[in-house]
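Chemist: Chain H is already provided as a structure; the job is to place chains P and B on it using the hints.
In case you want the letters, here they are:
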Amino acid sequence: MIVQPVLVVAAALFSLGIYGILVRRNAVMVLLSIELILNSVNINFIMFDTMLADTMMQGQIFTIFIITIAAAEVGIGLAIVLMLFRNRQTANINEFDLMKW
Amino acid sequence: MEIFEIVTYFVLLALLSTAIRVVTTSNVIHAAISLVFTLALTAILFLMLSTEFVALVLVLVYIGAVIVLFLFGIMITRAPLGKNAELDNDKNKKLGAAIAGSIFLLFSYILINGFDGDVTITSGASTELLGEILLSRFVFPFELVSFVLLAALIGGITLARKDEALIDEDQI
Amino acid sequence: MVKTNINLFAEGEVVYTDGGVLAEFAWVLVVLPFIAALIITFVGKSLPLKGAEIALGTIGIIFIYSLALMYIHVTEGVANEFFINVGNIGQFDIEFGWVVDGLSIMMYFVVGLVALLVFIYATNYMEGEIRYTFFFTSLTLFAGSMLVLVSSPTLIQILIGWELVGVCSYLLIGHYWEVKDNSSAAMKAFITNKIADVGLMIGIIILALNTGTMRISEILYQATHDYPAIKNVAFVAGVLLFIGAMGKSAQFPLHVWLPDAMAGPTPVSALMHAATMVTAGVYLLARMFPFYQGIANEALDIVMLFGVITLLTAGLIAIVQDDLKKVLAYSTVSQLGYMVAAIGSGAYTAALFHLWTHAFFKALLFLGAGSVIHAVHSNSMLEMGGLRKVMPKTFSTFIIGTVALAGLPPFAGFFSKDEILASFNHEGETTFFFIAVLGAFITAFYMTRAVCLTFLGEYRGHGHPHESDSMMTTPLVVLAVFAAASGWVNIPGVYTGFTKWVTTRKNPIVEYHPESFDLFALGLGLTAGLLGIGLGYYLYQLQGSAETGDDKIKIEPIWKVLENKYYIDDFYFKFIIDPIKLNMAKAVDAFNTNVIDRFVNGFGQLASFMGAIVYNNIDQNGIDKVLNMSSTGTDSFGGKIKLLQTGRTQQYLMLFLGGVVTISLLILFII
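Protein chains in written order, with the working numbering: chain H, 1 to 101; chain P, 102 to 273; chain B, 274 to 944.
Bound conformation, chain H alone:
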């Protein structure tokens, strides 16, 4: 099983996710990019778990936890976006600049 390409691809997914956070204008798209990042981290964990042949399978455990937390976070995030949408009738995060100088 090759190691480095997988890790590299995981890194690429991570950076793509960063790119998506920085660039996307819709709040939901930003959350989507966050999911991408979390997914890349999952790949890394499972890869390390396989590499280390851990008897405790900590990598997999951790991945399960990450997935769970990601789901919880998406729920909350979308609830917040919903509330923002209700107040401003828009999901464009450029509009949410009340912390502006």
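Lysine-lysine pairs mimicking BS3-like chemistry, simulated, CA-CA at most 30 Å apart:
no.	chain 1	residue 1	chain 2	residue 2
1	H	K100	B	K915
2	P	K195	B	K913
3	P	K194	B	K913
4	B	K913	H	K100
5	B	K838	B	K854
6	B	K915	B	K898
7	P	K194	B	K915
8	P	K194	H	K100
9	B	K453	B	K467
For the record, the hints were derived by calculation from the structure and aren't laboratory data.
Modeler: The following block gives chains P and B in isolation, referenced to the frame of chain H:
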């Protein structure tokens, strides 16, 4: 090269392309569906790495629940659908690309320097073992995570509820 | 008590003592008037007599002290001097002090007596006049200054006293300075004296430099003992000192200030311009007499020449005067000419004797004139006349004074004038002798004219004159006694005490002393005097009025010249004063305004210009800009930085991630 490797390369390539499509498409629905494909491919990768449980959890939870949630969110926030919707902050593209690129380079450098060679995959009934460890050694985080889920549940409901008084004033 | 047979002169030693305690404390004479003047200035106005009592008290003390000094001098002879060293300039010690010898004691007595009588007179004369207290302050100051002068043992103190009396003269002549003529007269006196003082100062400097000392007795010692240094400069120094004397003693041509000085109150004229201040020049010549007699003998010729010119010209002018005080003023000038001429001919005692007698009868005449003027309220003789009936005391004392001045025996002037004539005769100065005789004739003539116009005939004025107060007539009487008797102290062949008194000095005097009367001189002088009186009486009394008398002798051109005082004043004004006043002063003023003021203003303009440069460039543009820049810079910088706070999460994230990347790169590759 073994067929296994070729398949792995192929999966990785597909993974990259779908992930690229997630962040670059201007169609919101396409972005969500691309993410579905990314997650599916990730599940395949996991299967290849003989971690079936995680793969299945991924498919069930992530694709089954999270993406559906996303689609609901897209629809409720009336994101502009269709291909021509402007979805990117044009100002941020260059800088974002630069930052993302530099992060990628940094990580790849570290990872390549840190890890090398091949690994052998030990296949086995890992699911049983996983369940045992999860509920013996990692039972504490397991319970905590369930609390987190509970909190997220309650919080989500509270946040997204319509602003109505729980009790009418004249009923006090 | 009275020693007359001691051969004291020239060849023998002069016998004297040191004067004891009285001489030691003679500085009181000099210092007391200044203290008194100070006291009068501060408390005078509040006293009952408005300060006059302090002045009278002071001068009384001075008179009594001088009497005491006179007594011990007459009985024992005193010649002493005291010095106080106050510092030095280079090799010269600045010393002040006081001299107690024959010459000084005689001067103390004259100053003390005449000043006392004038002060008493002035208390009444100046009553109700403006600045009464200041008048007495000035009079006391003057008395002090004169005493400083006549008591000085050093040339520097003579100079100080000289200038001080000049200042007091200025103050007193200009007492009624509200009238422009009076202040002009005061200034004329001061400036004329100042011009003469240049000569005095240069003379003093020359003498001091060539003898190495300022002490008069030492200079005279060097002069009489053939020191080579002083021999070279003797003539020049002698002439220069005489120029100084010319100013003070009103010799021709520096006499012009004395007639104008009659603008001052009459007591001032009596004290200063008859008895004391004007005699300072004669005093100086007398003090320096061994110097003149010894090595500066040629200078004495010049002295005599000027003295004779003075006595003749002044006498002639006195004939044409209609102002009573001016007659007396010119008479004073003429008599001063006699004294100076006497010194010039080598007659030390004769000159001093004439000074002595002249002080008394001239002061008497002036005080009498003051009494008349006070009664008639006018100076002009044309408005007087017939006053003998209403002012008998004044009349009689005035007659005594006139006769003394004219030189009739047994009054004082006879003896003193006769001695001068005898000296001229003895020295063989024939021309001057006859001029002096002519002068005696003229003197008698104009004095008789004055008496006739003032006291005889009928009253031509408009007021109601009456005799003056006893405070004014008593001094007249006392002076009349002295005018009569003061000549009896030096009768050649009988009693020559005065000669002994004034020649008792530390430096012996070389001169000729007559053993008996010079009958030729005596006869001519007496005749001249009687002729003068006779002609005057004839012309002015027997002919009726002033104008008819004048008409008889009036030769129009000569009269006009005399009336215009030989045009000397016009000459001075045209050739000296106007060029300075109009041209030089204007030139200096133009130089001052355009050059000096511009130069000074230039500095100010330069400073303000530099200030403007500094302000505009350095302060406004430089420093203020820096300060403003720091604030605006901070402001704009802050303004630019705040744009970072866009409120957009993505941008915050970008910065954050950029920082992360940078730091991790740093840690990985550099650290």
